[in-house]
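Build out the structure end to end from the sequences listed, making use of the hints.
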Amino acid sequence: MTEHDLRELLERDSQDGPHRGVTVADVGRRVRRIRRRRVQVLGSLTAAAAAVVMAAWLPSAGTAPAPAGVWTGELAQPTPTRTISLAPLHSSAYERGGTRETFSAVWAPEVRKVGFWITCEPAAHVLIWVNGELVDNGPCEVGPRPPARVAGGIPVRAGERNEFAVALIPETVAGATAKGAEWAAEALSRTAPYPLRWRVEVVDDSVCQSRHVAVEAGSGKIIQFDCELD
Amino acid sequence: MRDRSEADFERYVEQRSARLVRTAYLLCRDWATAEDLVQTALARAWLVWRRVGDDPDPYVYRILTNTHASWWRRRWRGEVPTLELPERATGGNPYADLGTRDALRAALAALPAKQRAVVVLRYFEDLSDETIAGIVGCSVPTVRSQASRALAKLRLNPAAIAAMETGSRL
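Residue numbers (our numbering), protein chains in the order written: chain A, 707 to 936; chain B, 31 to 200.
Just so you know, these hints were derived from the structure itself, not from any lab. Hints may contain errors.
What the hints assert, rightly or not - Computed spacing ranges between beta-carbons, pair by pair: (1) GLN45(B) to SER791(A): 48 to 58 angstroms; (2) SER798(A) to ASN96(B): 41 to 51 angstroms; (3) ARG739(A) to ASP60(B): 14 to 24 angstroms; (4) ASN96(B) to GLY924(A): 29 to 39 angstroms; (5) ILE790(A) to PRO171(B): 16 to 26 angstroms; (6) ARG179(B) to THR729(A): 35 to 45 angstroms; (7) ARG718(A) to ASP85(B): 25 to 35 angstroms.
None of these values were measured; they are calculated from a predicted model. Just so you know, even glycine gets a beta-carbon here, dropped at the ideal spot from N, CA and C.
Structure (structure tokens):
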């Protein structure tokens, strides 16, 4: 077969098709379809970006000292770090405030400290107990991320059953000043149950020097939790 | 008053679409898919028409070949394997029951996608090797080696040999 034969074959082979050609109207329809698709993709990317951007909105890494037990959200590192991705140890969603919601779990002996990510509403005040002891107590924080209460480095009994309790009460009941365990119990007893959507996620915070969290926009579900070891 | 670029684009579609469909057909061997490919290529060209320049052909051909390659890959990945091979209607020479032209079409279709694109752009569109290199995304020597490999394969192909033996000139 020569090059000439090949040219002839291609010429003849593409001559006798049943094609009607392509019109400007056909192309116009395709342009609209491509644009629609791009808009959809952009929408999905925006949602994904919203989720990931929240990771950078962990409690501020500014110059002010972070309160004890609160994640610092330090993301920048001067040297390369080793990072592991961990699945949440526990997650549950609730639809009422003013009640003490409890759960318990036995985790691997390596789990010595846990972190809480509680997605809540700005007008709420969060109370967290571990094995009967009030370990965190503060407002649902409003920041650049969706409102949440984040508490990390909370010790648990390694390899044993741990009892957890979380309650949300109205900020108006809690007031501005932080108070102790007795006050928390008393404030909760004064609060009647009321409709409130919130979610609690518990992560293994035993070895993390800093954390990178991606939270699903809307639900508050953790979709990725990266723990930096160095 | 209509935008001048819109009028240019419409003129380009009217003048070039028939030829583009033939090129697309030679790439994919199916007329419906060929029209689909050309619609996609022209639609994408329209979205950047102002940046395409005075000669839109290389850009349109590039989208055409890239889109064809991506569709081909997608279809390949989507294949469902079966446990048993279908029974062959004929044994021996698979080209025996085909006409010479059909057999040669099959031989062309059997070329790898990149080689087929080079063959079509070189021997059907008569584009220079430099232009083909820009469209396919490789160097000029690669275009030449792909073309000569494709020709060598066709020369060894039973259908091509049969065509030469019977003196058929396609």
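Here is what the structure says about each hint:
no., hint, verdict
1, GLN45(B) to SER791(A): 48 to 58 angstroms, "holds (56 angstroms)"
2, SER798(A) to ASN96(B): 41 to 51 angstroms, "holds (48 angstroms)"
3, ARG739(A) to ASP60(B): 14 to 24 angstroms, "holds (20 angstroms)"
4, ASN96(B) to GLY924(A): 29 to 39 angstroms, "holds (37 angstroms)"
5, ILE790(A) to PRO171(B): 16 to 26 angstroms, "violated (48 angstroms)"
6, ARG179(B) to THR729(A): 35 to 45 angstroms, "holds (38 angstroms)"
7, ARG718(A) to ASP85(B): 25 to 35 angstroms, "holds (27 angstroms)"
Going through the hint list in order, the structure does not satisfy hint 5, though it satisfies all others.
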